[in-house]
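The task is to assemble the complex, starting from two chains supplied on their own in separate frames and drawing on the hints.
These protein sequence lines map, in sequence, to chains H and D.
With our numbering as the guide, the letters of the first sequence map in order to residues 1 to 286.
With our numbering as the guide, the letters of the second sequence map in order to residues 1 to 360.
There could be a bad hint or two in this list.
In silico DSSO-like pairs for lysine-lysine, Cα to Cα no more than 27 angstroms straight-line [unchecked claim]:
| no. | chain 1 | residue 1 | chain 2 | residue 2 |
| --- | --- | --- | --- | --- |
| 1 | H | Lys132 | H | Lys193 |
| 2 | D | Lys94 | D | Lys178 |
| 3 | D | Lys94 | H | Lys193 |
| 4 | D | Lys203 | D | Lys181 |
| 5 | D | Lys243 | D | Lys203 |
| 6 | D | Lys203 | D | Lys7 |
| 7 | H | Lys193 | D | Lys107 |
| 8 | D | Lys238 | D | Lys203 |
| 9 | H | Lys206 | D | Lys94 |
These are calculated hints, taken from the structure and not from any lab test.
It should be emphasised that the depicted structure is a prediction, and the values quoted were computed from it without experimental measurement.
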Amino acid sequence: MRLNNRIAYAFLAPYLLIFATFWLWPIISSFLISFQNTRVNPWRFAPSMNWGRLVGDPAFYNALYNTLIILVIQVPVMIALATVMAVFLNSPLLKARPLYRFAFFAPVVVGEVAYAAVFRLMFSADFGIINKIIGTVGLSPVSWFDNGTAAMALVIMAVTWRWAGYNAIIILAGLQSIPGDVYEAATLDRVGKVQQFFHITLPLLKPIILFCIVLSVIGTMQLFAEPFLITNRGGPGGATETLGLLLYRQGFTSLNFGYASAIAYTIAALAVAISLLNLFFGREAK
Amino acid sequence: MAGLTLKNVIKRFGALQVIHGADLEIEDGEFVVFVGPSGCGKSTLLRMIAGLEDVSGGEIAIAGTVVNDVEPSERHIAMVFQSYALYPHMTVRKNLSFGLTMNGNPKADTERRVAHAADILQIGELMDRRPGQLSGGQRQRVAIGRAIVREPQVFLFDEPLSNLDAELRVQMRVEISKLHKQLGTTMIYVTHDQTEAMTLADKIVVLRSGRIEQVGAPLDLYDDPANQFVAGFVGSPKMNFLKARIDAVSADGATAVLASDPGVKITLPISGRPDVGSSVTLGIRPEHFVDAGAGDADLTVDVDVAEHLGHTSYVYAAVSGEPLIIERPESRHAGSQDRLTVGVPSRRCFLFDAEGQRLR
Ligand SMILES: Nc1ncnc2c1ncn2[C@@H]1O[C@H](COP(=O)(O)OP(=O)(O)O)[C@@H](O)[C@H]1O
Ligand SMILES: [Mg+2]
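Chain D extracted, bound-state conformation (with noise of 0.2 angstroms):
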């Protein structure tokens, strides 16, 4: 088991820079997540800490040691692809055993490891069997169980659950959960799911363009998120965001008035100074909006479609034209008139000045 830092890492594709100095401390132990949008560097970053891909800038090290010029082989790492990348010539036992046999590892330990990793993954009556005669999910579990047998001090997951049906997915999720917590091990996974990263991180990486926006454990970045990128990722159904304007700033705070309907003004205990005058976002999460005269200020909104799904309710909605979702627990009838009325609560709302920076 080991941690890694990252130091100013930098990753060029020819003239195509994919990450800007990325800076990261990842303790022994620790199942850390890479998230972010399609294209934002994740894979890259994970395929440079497991040595296929070269860094063109900065150090990546692992239980303190640099390993930029170390051998992929030599990391002591594990990857499970997103393909799976399984061999499709061998059966399960031999993609387990493989690895070790080619490198000499005694008999009876292959063995026991193989045997050890097909127990915890449940994939004993699969020995045999090649890859092209399992589904997507046994496919995983052996490349999972791969993994396993290798003993590394750090697990390397790429979008590992990305090829499953929903329901697979949540069921392999739960199993690698348990799986971190059985082995201890160092784990980072990369998902472009922001609830995979939620239900499984002890930290969570944002990435966007190549660049950390924010790192935290998963409620930090849903309590206190550092920009309106991480703000809109983490949290589903994504945060609203309504156009604002600073009306005044007083010892209390800021007060926004919303672009949208005037009438709506909330202030915010942030010891910042904005301009009054300037454009800001308001942010507030569709799970946080309350009965009518129950908040700072009452919002109402046009109702386009709404969502029962027992026990929640989604209202989609729109003020002046600017959408936004609210959601209603155990409401069987929100949204069945063509008004709504909620009620904002300013100690739930976020500010966001207009280079989606955190007013705070």
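Chain H extracted, bound-state conformation (with noise of 0.2 angstroms):
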């Protein structure tokens, strides 16, 4: 080896080693737990178990379900939104623009607990703001905790509120590197505002979106704290249990790590081959 290059390696070996430490050795190390019997001391090599288990699973069943039913409603409902945010942002009509890109990007920062407490509040069924607001036009109030529907809208709510305006900033970056002269050239085409949106803005958009598609499908098959913080670990019943909540119980609460692995894998295998269909269903006509 080069001197240069030793020297170069001796620098980096610092970030190398935490890498290897705390990121590549848990893949590889979960990888091969997901084949052994944990619950026996010593844990044994038993491949079967942990992954049979997985497919004849009604509560693993159960938090995939929900999982894919935030993942269907939320992301295309929160990527609308997004586009909608950051052209609303774009607007040279918008005065304080500095302003509402703070406000949109905000939830962002916010730490999880302290929204997750906030939420739990609003939503509270006694004296919660929601209800109140939905008392006033005379509607019944709901049991966001209790009722298993309104606990998945509140989820699905909730991860919206926060990860819209990020995405939102995202768009609208794309949004800014569309030139303003191809409005005009349209506009003087006699192409009317709405329609400059669907065959222009959006078609130029397509792979910022489909970035954000990506991310979003990637972040919702972890999801963990909202369900964990705001719906009582994944309450009622299990109505709101997503497979990260699951993961969790199974390692943390059960210690059952082997089967935790299994499902983790089960994740980040999902979470690819979904973004790997969006990709595909979104690339390019030839």
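Rendered as structure tokens:
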């Protein structure tokens, strides 16, 4: 090895060491652990135990179902919302743009526990402001934490609130990269604003939106904080239990690391598969 | 097709006024070039005609109708942008047909117009490519094609050739000129390049700092500039300006004596009566010097550099430190000595007062 290289690696060593210890090794290790029976001491190699259990576990299918439902509803709604927010932020008519940009981005910065607490207060059945508002329009109050469907809706709303602004900022960057004179040309071509949005803006934003979708899919597949903190650890009765929660429960409540590892690998594989599908369907038509 | 009228048109961006009352008459079918240095307001004026900028004061009329409050889409104009502004995600064919399709134009008619434009501009082979797969010149053609397809009453061009290399620029210039002959539509063309203006225009509008300095046919501007700015802007290489003083005023006109060489006295047949002793500027174009002895006065200059282009030569010289350029056609030895003497024909000279206005 040339001296130069050796010095370079010496400088990189602290990072590589940390990367190997806390990143690479856990990935390999958990793969190996997923093939072990971790409910006996010492652990034993039992390749079909965890994976076999996964295939037949109703709790797994419940978590998978919940996760996919959240994914299918939350991601499109959030991306659509984020696009609208980005267009709004990009409007030349908008005053105080930096303020809005900050406001939209702020939820990402707020601590999860704090925001979860606020959501719990707002959606509290008896004295939450949301039910008060619902009451004023003459509807009966919703028990957000006791009704499975309502709890799912709550999780979806919370996740959307937290990440829509973040995606809007990314999409805004894409919007700003579209030259203004393209729209001027379209205006002179007698193409209306709405048509401009659907025939110029959206097609040109497609790569960015796709990127946001992939990010969101990966995020939602790992969803944990909201159902854990807001809807009482996946409650009521597992109605909002996600794969992330199931993993947590198996790993850190039941200390069954083998099964938790199998679930972790399933989450990762699903995230990759869904993202690839997205990219495949979103690719440029040739 | 339509003519245009600008009446005391004003444009302000906030407190900054960039167009100071422009008056202009453009005939139906005319090729008008707005020319002037960068930042003088050419694009702004063009964009106001297009409706892309609001008018802060005055009136713009197209075909006799005031359009100040008419939407750009209803003005029946088409514009070719400096940056081309093609739709990046559409093929050339879609770029051309997009506007018509969106407006529900019958498919057969759209196809006919697209084919016609493609034919005129010879872009038939490019129809299925996207802008990213085209060269600068090809993109420019597509941008022009998109304007043609609209069949507008007025074409607007904003420095359409400035992103092309020199050779292509000449070629496209000729094509735009041909296009105008072929279509006969009113065209307004913005450029900072006086050569483009001189070669394309029926009528040139010279702008400076948001004011129209002069309007006229190319050769009228060349032969009869209204002021020192126009005199210096039109013609290449630009007119020489030499400091001078009025020596005498008589029935024959005014006699000016060069500050740099008091031996050179030129009498110009002007009818104005400038004050004797007042400072003026004497203008003469590089190509208007004659052989020593053949003019009304002889001027001896110190030669700096000579450029020989074959058909002509340019001598970069100075009189007492005042720079000037002298063109010597068909001479390959001009400027080979340290000093050069040329004749100054007085009928080719111009006089400008201290404010740069022409003394006539
Ligand atoms: N949107 C704008 N806001 C403020 N000033 C502008 C704007 N557009 C142009 N200007 C100013 O107006 C003047 C004329 O600009 P422009 O018409 O683009 O000049 P040209 O096309 O002759 O180079 C310049 O001083 C420019 O800085
Ligand atoms: Mg310009």
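Each hint, compared with the structure:
{"no.": "1", "hint": "Lys132/H - Lys193/H", "verdict": "violated (39 angstroms)"}
{"no.": "2", "hint": "Lys94/D - Lys178/D", "verdict": "holds (25 angstroms)"}
{"no.": "3", "hint": "Lys94/D - Lys193/H", "verdict": "holds (18 angstroms)"}
{"no.": "4", "hint": "Lys203/D - Lys181/D", "verdict": "holds (15 angstroms)"}
{"no.": "5", "hint": "Lys243/D - Lys203/D", "verdict": "violated (31 angstroms)"}
{"no.": "6", "hint": "Lys203/D - Lys7/D", "verdict": "holds (18 angstroms)"}
{"no.": "7", "hint": "Lys193/H - Lys107/D", "verdict": "holds (22 angstroms)"}
{"no.": "8", "hint": "Lys238/D - Lys203/D", "verdict": "holds (20 angstroms)"}
{"no.": "9", "hint": "Lys206/H - Lys94/D", "verdict": "holds (18 angstroms)"}
The structure fails to meet hints 1 and 5 from the earlier list, while all remaining hints are met.
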